[in-house]
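Going by UniProt numbering, the sequence shown runs without a break in its numbering and finishes at 623.
Treat the hints as calculated values from the structure; they're not laboratory data.
Take these hints with a grain of salt, some might be off.
[What the hints assert, rightly or not] Calculated cross-link-like contacts (lysine-lysine; reagent style DSBU-like; alpha-carbon spacing at most 35 Å): (1) K357 / K254; (2) K273 / K357; (3) K254 / K273; (4) K270 / K337; (5) K181 / K420.
[Said to hold, decoys possible] Quick list of simulated restraints, FRET-style, between CB atoms: (6) K356 / I416: 30 to 36 Å; (7) Q309 / V153: 28 to 34 Å; (8) Y355 / E246: 40 to 46 Å; (9) N590 / G261: 52 to 58 Å; (10) H591 / W332: 37 to 43 Å; (11) F258 / N307: 22 to 28 Å; (12) K269 / K340: 18 to 24 Å; (13) K55 / K254: 32 to 38 Å; (14) M535 / L223: 45 to 51 Å; (15) K340 / I225: 45 to 51 Å; (16) K340 / Q443: 52 to 58 Å; (17) K356 / K269: 31 to 37 Å.
Note that the Cβ used here is the ideal one computed from N, Cα and C, for glycine as well.
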Amino acid sequence: MSKESNSSKNNTIPELINPPIPHDPSTPYKGTNELSNDSKETIKEDMNVLQEYYKGKNFYIVMISLLLVLFVASLDIMIVATTIEKVAERFNDYSKTSWLVSGYSLPTAITCLITARFAYQFTVKLALILGVLLFELGSLISAVSTSMNMLIVGRAISGVGGSLIQNLVFVVVTQITPREKVSLWMAIIGMAFNISSVVGPIVGSAFSDAYEAGWRLCFYINLPIGLSAIVLFMFSYNHDQDNYFEEIAKMPKKLVNFVKGMFSLQNWKKAAKVLLFTYDLIEFASCSIGFVLLFVGLTYGSGELYNWQNYRIVLMLTLGSVFFVFSIIWDWKLFEKMCKKYNQPFTPLLDPVVYKKFGLILVNLCDFAACSGYLCIVIYLIQYYQLVLKQSVMDAGIRTIPMLISSSFMVISCSIFVKKTGRFKIPIMLGAILGTVGCGLLQLSDFKMHADKVIGLTILVGCGMGSQIQTTLIGSQYYIDSDLKDPVLMRKQVINITSFYSAVKLLAMATGSVVSNTFFNTRVYRKVKQNNNLMELHGMTTDEIVVYRLSHHGRIDELGRLLQSAIKGVYYIGLGCFVFNIICSLFITNHRCVYEGTNKDSKDKNAAESSSDEDLEKNPISE
Numbered sequence: 001m002s003k004e005s006n007s008s009k010n011n012t013i014p015e016l017i018n019p020p021i022p023h024d025p026s027t028p029y030k031g032t033n034e035l036s037n038d039s040k041e042t043i044k045e046d047m048n049v050l051q052e053y054y055k056g057k058n059f060y061i062v063m064i065s066l067l068l069v070l071f072v073a074s075l076d077i078m079i080v081a082t083t084i085e086k087v088a089e090r091f092n093d094y095s096k097t098s099w100l101v102s103g104y105s106l107p108t109a110i111t112c113l114i115t116a117r118f119a120y121q122f123t124v125k126l127a128l129i130l131g132v133l134l135f136e137l138g139s140l141i142s143a144v145s146t147s148m149n150m151l152i153v154g155r156a157i158s159g160v161g162g163s164l165i166q167n168l169v170f171v172v173v174t175q176i177t178p179r180e181k182v183s184l185w186m187a188i189i190g191m192a193f194n195i196s197s198v199v200g201p202i203v204g205s206a207f208s209d210a211y212e213a214g215w216r217l218c219f220y221i222n223l224p225i226g227l228s229a230i231v232l233f234m235f236s237y238n239h240d241q242d243n244y245f246e247e248i249a250k251m252p253k254k255l256v257n258f259v260k261g262m263f264s265l266q267n268w269k270k271a272a273k274v275l276l277f278t279y280d281l282i283e284f285a286s287c288s289i290g291f292v293l294l295f296v297g298l299t300y301g302s303g304e305l306y307n308w309q310n311y312r313i314v315l316m317l318t319l320g321s322v323f324f325v326f327s328i329i330w331d332w333k334l335f336e337k338m339c340k341k342y343n344q345p346f347t348p349l350l351d352p353v354v355y356k357k358f359g360l361i362l363v364n365l366c367d368f369a370a371c372s373g374y375l376c377i378v379i380y381l382i383q384y385y386q387l388v389l390k391q392s393v394m395d396a397g398i399r400t401i402p403m404l405i406s407s408s409f410m411v412i413s414c415s416i417f418v419k420k421t422g423r424f425k426i427p428i429m430l431g432a433i434l435g436t437v438g439c440g441l442l443q444l445s446d447f448k449m450h451a452d453k454v455i456g457l458t459i460l461v462g463c464g465m466g467s468q469i470q471t472t473l474i475g476s477q478y479y480i481d482s483d484l485k486d487p488v489l490m491r492k493q494v495i496n497i498t499s500f501y502s503a504v505k506l507l508a509m510a511t512g513s514v515v516s517n518t519f520f521n522t523r524v525y526r527k528v529k530q531n532n533n534l535m536e537l538h539g540m541t542t543d544e545i546v547v548y549r550l551s552h553h554g555r556i557d558e559l560g561r562l563l564q565s566a567i568k569g570v571y572y573i574g575l576g577c578f579v580f581n582i583i584c585s586l587f588i589t590n591h592r593c594v595y596e597g598t599n600k601d602s603k604d605k606n607a608a609e610s611s612s613d614e615d616l617e618k619n620p621i622s623e
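Can you make the complete structure from the sequences, with help from the hints?
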């Protein structure tokens, strides 16, 4: 073993840049020139670490735990959609209610890439356990919150944990499942999102209607489910062959060494180097600051405290755009030069393969457009039932179920289709078309249309989203370089591409929530001010107008028509997202991903080649 490796072991802060590949401790690696046949076989096994598939009872226990973990993380997004009015009424702050969704999905999105790096540097198991614990802590803070700001902080903490969950659940699935069955099991695990979409509105509305503070139960419910799931996962998943109890026993010693190392300047320098190069801190900070400034600017610009011309709003939107663009330029051009200058490995948060493969960008743009449009429709469909049709929270939640069930049906159907054929482009295009038609038909909804007909119109939107939930993920993983021989690079690229997909999806949810809320608040406030028939409401804020509508009887009136017009405007935003979805889907590759017939096709091809070789041997072609 070299001196450098010995010295790295003695340092207080471990070297994180190139972690060792899990292997049998009794057969340590040797130099490349000293390899025996046994050593080569050992390394060959280690290089196939990503193909160590699970079987039997252990496999199903891991899958159940992943299903529960993803279910509780997805439930946290959908369950709050029916509590918006109750929370706004409790804290008298409707303009910030968009942060009930974006306060969770935005931190999840912007920390997806850096939390994926954490999983790569350590282990997937440790990172996923940490994610669930953070998620549970955030849920507890949200449940006991005494102000809207405290509630948003709790949602943000849950979002950081959710980023680890959303990233790593699918990484575990790819690790323990044969490649030809990955699409099916991803669909089954991905069903957690659809199940939570159905259960969330029902449970949320039931809790909200139960009693005045019933909305707090929407966060308490996460605690028992999440803890049960993580216990199952801890004792069933052990892909890296680590001893969980030994790791716990070592933690006090590691903590003591860490505290001692805090008094060493050398360790501080090394920690700074790890943060700057290994975790690409500049890209993470600039991207995070950019998105936060943009979304906060949009939120406050739609309120009554500041208008769009206010210098604070203009400054936040401008600086947010600058920081975001800089983060892209940094990873694309500047970071590599800095790594070369200081002789450090080039490890950007955004994998370079994203820039090099245009098809990967297109698939993720489809994912972004579909999720943004879908969330606009889901959130304001519930608002439509409550604010326009004056239905209860429970009725509004129940009437969204057909759309969510249709989405679940399409998830399974399209995943089976991809499993059988390997063609992921067809479901993506189909979903984009169905979503566009559904959003267009929603413009027909009015006071005279029965609520059941509105339900029928929303089913197409659900089908449009369901067709793309798993197929876009499969499409993203199609671009993983299967020719990579180094298991470290393979593992890194799997995590990076999956985390990029998760970040795009969650960023789309945050964007859809904030943009739709900004549009709705701005339009309602201005339309009320311009309407002389609503003079008694001219002195009210958007929060007070919404509370006034909920507390006063009457459905077909001037305010009801105004709110209906504002919600239809949000539907147009969803329509625009799905139209963009169609455009992107047209340019996705027609190639197939791995499917059930892949092995059979390759065997037939090899058999045909071998038979042709035999024919040539028997009947050589003369010159």
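Do K269 and K340 keep their Cβ atoms within the hinted range of 18 to 24 Å? Check passed, 20 Å falls within 18 to 24 Å.
Lying within 45 to 51 Å: is that true of the beta-carbon distance K340 to I225? Once the Cβ atoms are compared, 48 Å apart, the range 45 to 51 Å for I225 and K340 holds.
Check whether the Cα positions of K254 and K273 lie no farther apart than 35 Å. holds, 20 Å
Take a look at whether the Cβ-Cβ distance between F258 and N307 falls inside 22 to 28 Å. violated, 49 Å
Decide if the proposed pair is consistent with the structure: K270 and K337, CA atoms, cutoff 35 Å inclusive. holds, 20 Å
Given the range 31 to 37 Å, decide if the beta-carbon distance of K356 to K269 lies inside it. The hint (31 to 37 Å, Cβ to Cβ) holds, given that K356 and K269 are roughly 33 Å apart.
Run the distance test for K357 versus K254: straight-line Cα separation, threshold 35 Å. violated, 41 Å
Does the beta carbon distance between K340 and Q443 stay inside 52 to 58 Å, or does it fall outside? holds, 55 Å
Taking 35 Å as the top limit, are the C-alpha atoms of K181 and K420 close enough? holds, 10 Å
Using the Cβ atoms, figure out if Q309 sits within 28 to 34 Å of V153. holds, 30 Å
Do the beta carbons of K356 and I416 sit within 30 to 36 Å of each other? holds, 32 Å
Would the pair K273 and K357 pass a check requiring their Cα atoms to be no farther apart than 35 Å? Within the cut-off at roughly 30 Å; holds.
Violated hints for the displayed structure, listed by number in ascending order: 1, 10, 11.
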